[in-house]
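Here the protein sequences line up with chains A and B, keeping their order.
By the numbering used here, the letter at position 360 of the first sequence is numbered 360, and the numbering carries on one by one without gaps.
Each number in the numbering used here corresponds to the 1-based position in the second sequence with 1000 added.
A couple of the hints might just be wrong.
[Said to hold, decoys possible] Think about it this way: if two alpha-carbon atoms lie no more than 25 Å apart in a straight line, the pair counts; the simulated DSS-like pairs of lysine-lysine are:
id, chain 1, residue 1, chain 2, residue 2
1, A, K506, B, K1274
2, B, K1274, A, K399
3, A, K342, B, K1274
[What the hints assert, rightly or not] Sample of chain B residues at the chain A side, in silico, Cβ under 7 Å:
id, residue
4, P1055
5, T1058
6, Q1062
7, A1096
8, R1275
9, S1277
10, F1280
11, M1284
12, L1287
13, G1296
14, E1300
15, L1301
It should be emphasised that the hints constitute simulated quantities derived from the structure, not laboratory data.
Think of the CB as a built atom: it goes at the ideal place given N, C-alpha and C, for glycine as much as any other residue.
Listed below, chain by chain, are the residues.
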Amino acid sequence: MRLCLNGITKRFGDLVANDRIDLVAEGGEIHALLGENGAGKTTLMNVLDGLYRPDEGAISLDDKPVHFADPGDAIRAGIGMVHQNFMLIPAFTVAENVMLGFERTSRFGFLDRRRARAEIRELSRQFGLEVDPDALVGDLSVGQQQRVEIVKALAREAHVLILDEPTAVLTPQETDELFTVMRSLRESGRTILFITHKLKEVLAIADRITVIRLGRVVGTTRPSETGEQELAAMMVGRGVELQVTKGKAKPGEVVLEARGLTVIDETGRLAVDGVSFDVREGEILAVAGVQGNGQTELAEAITGLALEVGGSVRIGGRDLTGASPRTVLRSGVANIPEDRLKDGLVGDFTIAENLILDVYDESPYSRGGALDWNTIHRTAEKRVDEFDIRASSIHIPAKTLSGGNQQKVIVARELSRSIRLIVASQPTRGLDVGSIEYVHGRLVSARDAGAAVLLISAELDEVLALADRIVVMYRGRLVGPFDAGALTREQIGLLMAGVEPTAALKRDEK
Amino acid sequence: MTAEASELDTGRPSRPPFLHRLAAFFLTGNTFVITVLAFFSALVIGAIIIVLATPSATLAWQGFFRSPGGALGASWQAIANAYSSLFVGSIGSPRAMVHAIASGRGPDLVNAFQPLSETLVATTPLMLAGLGIALAFRAGLFDIGGQGQLILGAAGAALAGFSFPNLPAVIHLPLAIVAGAAFGAAWGFIPGILKARTGAHEVITSMMLNYVGLNLLTWLLTTGLYQAPPRVESISKTIAHGAHLPRLFGASLRVNLGFVLSILLVIGVAWLLKRSSLGFRFRMLGLNREAARVAGVNIELHYVLAMTLAGMLVGLGGAFMALGVDYRIAPLYGGTIGFDGITVAILGRGSPLGVALSSLLFGAFTAGGRTMQVNTSIPLQLVQVLQAVLVLFVAAPGVIRTIYRIRVARGGRRVFGGWAG
């Protein structure tokens, strides 16, 4: 099916989210929509999904104009959406989730589960989408849940499939499997719109690439005619340094010393299982791993946020096992939490207030329990300049900033104290290329200034770019450490996927 | 008037000029405009109720087709009567005020300023209850226990007030106030510590403590400790003169020092929220508990502190009623003021200045409603309907925006941190 967007414009007040977007995706084509966060990808997708109506422009399918009043219209027209956050009900089986909203009933109004099951098996066989129709969705891995979403779309006879950042949650191996499925869907003549900001993936799978920036189409190209550098430049609007320039690490004293660390999470699960490692001053130790393997809890254990911690954490020689977050922060630990808006910022607070979120009661910001707003505002103005935070004023709420600028507020706050250890959890998740570059640069210069950096990241590129040493976390345990140069990309990927170290390291030597 | 100006505005650098901001507020439909329009809408709905509740007006409507002018005239008459007696009853007759000041005669002055005095008397406990509950709101806590806290505050103040008949006022009055504050604080501390230690939701625990407080007072009033000796009915001993809050303008006007102290407490809480590090922690907690935890705030401790302070303020409301107006307490003391405080806090959007203004409005409603009931056939309950409709509109600003076609305000502040946890 040929999907054709003609001059799609969508405004929100003064903001033009999509500005005269033209895009043609042919049947049997994987068409990548590449753009930074905030470029207007999601808005465009919601227009296609029938959630938003465009202010101007037209959509046509096989040259017939279509109008979507709601997502139901889009589904009936043959458009299937696989959202970034899955729209599945964990307590339902795969078959029930696939039926949801389009339930077929047999006589007496009973749900016709058998037909749904048969349909799922047929689709699985046809496209290599292996899923058990009777499994509970809550028990499935993230990659499997994504397959359920795809099956759901196909069961509703989607001819145009829109995949929104589908690889964000996958291991490298799962990504390869997804690509296989995408290729077989292409063979069947379906149109695939692949939304992403990852350059390597676009080059690996797309037939054509449309790059958008600030709501406008920058250009359309083919993988054979372009490269990473050029795509990145199109996306950001200038030349981008993809490689972080950093000198050799000069490791000094051990700053963070974890021994036999265990964490029981809120659900009573053993999230971190007897982990030991050191981070020295002047080095970056990266914890690689697919999200949900205990990294969050590991960071919480070090920063004093975990509830049940076993083993020991020593920072600068002091035993801080089970210490309060305040004590940990005061011992010179900078914490860049993985969820910016939930843990790192108070969205309704101003930038100035967020810049003192954990130092408000220290000199010079307060004296005798009273805040000194003049000093706070003066310092905030300085930080905004120093850390390149783009905002109209320090008095606007942090939630109105872009993700990159929000992260810069956190980085500015955490790196402006006297620090010995930085715990950075997914520090560039969801950021645009420019902000990623900036945050990476800051982490490296903090390292060069003598701080110990514990980087927790699910992004392989980030780990490879920043790490001096690497450990891989899988199901609460650590493998490593390895020196940064000692592992290939593929080997780290295998370790992240839980392949035994001996096998993972050997397989690649062949 | 706005969220920012409400908390002791500072001369901040790099803000847009005042007029710009003013224009922006009116163009984007800020909270103050919404409140004014909500007030206007409530009056319109009140007018309809007045017409329905006035026999002469309803009769005239039955003859609408014979004499449409008569129906409209009678309705207008009824509405004007009711609202003007509401005004005269709460603020007073401007003419009488001017006259009284010109003549300078004591009885004339008392009569002219009686309504205003009564408004301020009714405002005092509402302001403190609203202030306490607003403080809890700002820390992300929903204090439903105003009724119990107010009763306990009154009980504490009364106990100290009648137990020492011969103490000099300089010692006795502060002692009675502190006792009221302490009792109220204790009734706030309990839900606070229960939440901190066991995770029990403060909405449930504070609400249950209302019943406990209510019945505790009923029981206390039957014991020798509280009950006035020769009596059989449940009423407390009389508070000694030394513990009375002095009246501000002579014995005939009931407005007393309690109102002045309430205003000072409003300023104090405004300072606490905007200028103190404790207030910074409260606000952090109220807007994003997780971020507060990550930033090293001891969440449990601050739950207890916020609830205790809230209980203290509400309790002072009860104490000032007992020490300033009634001089004795009876079962069900304070009536619904503890709950009205929630409404005041919502209408004031959790800001101290907002609370002061909305409690003045509700105080005026209460005082004026009594006059209206005497002068017209409209029952006192109309003012409660007006209050309720007003708060409904404020709580659902979308309704007001739709009626008056106002653009959505940007960067409006949430009043509550939400119910979760």
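Quiz item: Between A:K342 and B:K1274, does the CA-CA distance stay at or below 25 Å?
Solution: holds (23 Å)
Quiz item: How about B:F1280: closest beta carbon in chain A under 7 Å, or not?
Solution: holds (5 Å)
Self-check item: Status of the B:E1300 interface restraint (C-beta, 7 Å, chain A)
Solution: violated (11 Å)
Quiz prompt | When the least beta-carbon distance from B:R1275 to chain A is tested against 7 Å, hint result | solution = holds (6 Å)
Practice problem: With a cut-off of 25 Å on the C-alpha distance, tell me whether B:K1274 and A:K399 pass. | Solution: holds (20 Å)
Quiz item: Hey, A:K506 versus B:K1274, does the alpha-carbon distance stay inside 25 Å?
Solution: Since the Cα atoms of A:K506 and B:K1274 sit roughly 62 Å apart, the hinted pair is violated (cutoff 25 Å).
Quiz item: Hint check: is the beta carbon of B:S1277 less than 7 Å from a beta carbon of chain A?
Solution: holds (4 Å)
Self-check item: Interface hint compliance - B:P1055 to chain A, C-beta minimum distance less than 7 Å
Solution: violated (51 Å)
Quiz item: How about B:G1296: closest beta carbon in chain A under 7 Å, or not?
Solution: holds (3 Å)
Quiz item: Regarding the hint that B:T1058 lies at the interface with chain A, is the smallest CB-CB distance below 7 Å?
Solution: Violated, because the Cβ-Cβ distance from B:T1058 to chain A comes to roughly 46 Å (cut-off 7 Å).
Quiz item: Close enough to count: is the Cβ of B:M1284 nearer than 7 Å to one in chain A?
Solution: For B:M1284, the interface hint holds, since the closest Cβ of chain A sits about 6 Å away, which is under 7 Å.
Quiz prompt | When the least beta-carbon distance from B:Q1062 to chain A is tested against 7 Å, hint result | solution = violated (47 Å)
Against the hints set out earlier in the document, violations occur for numbers 1, 4, 5, 6, 7, 14, 15.
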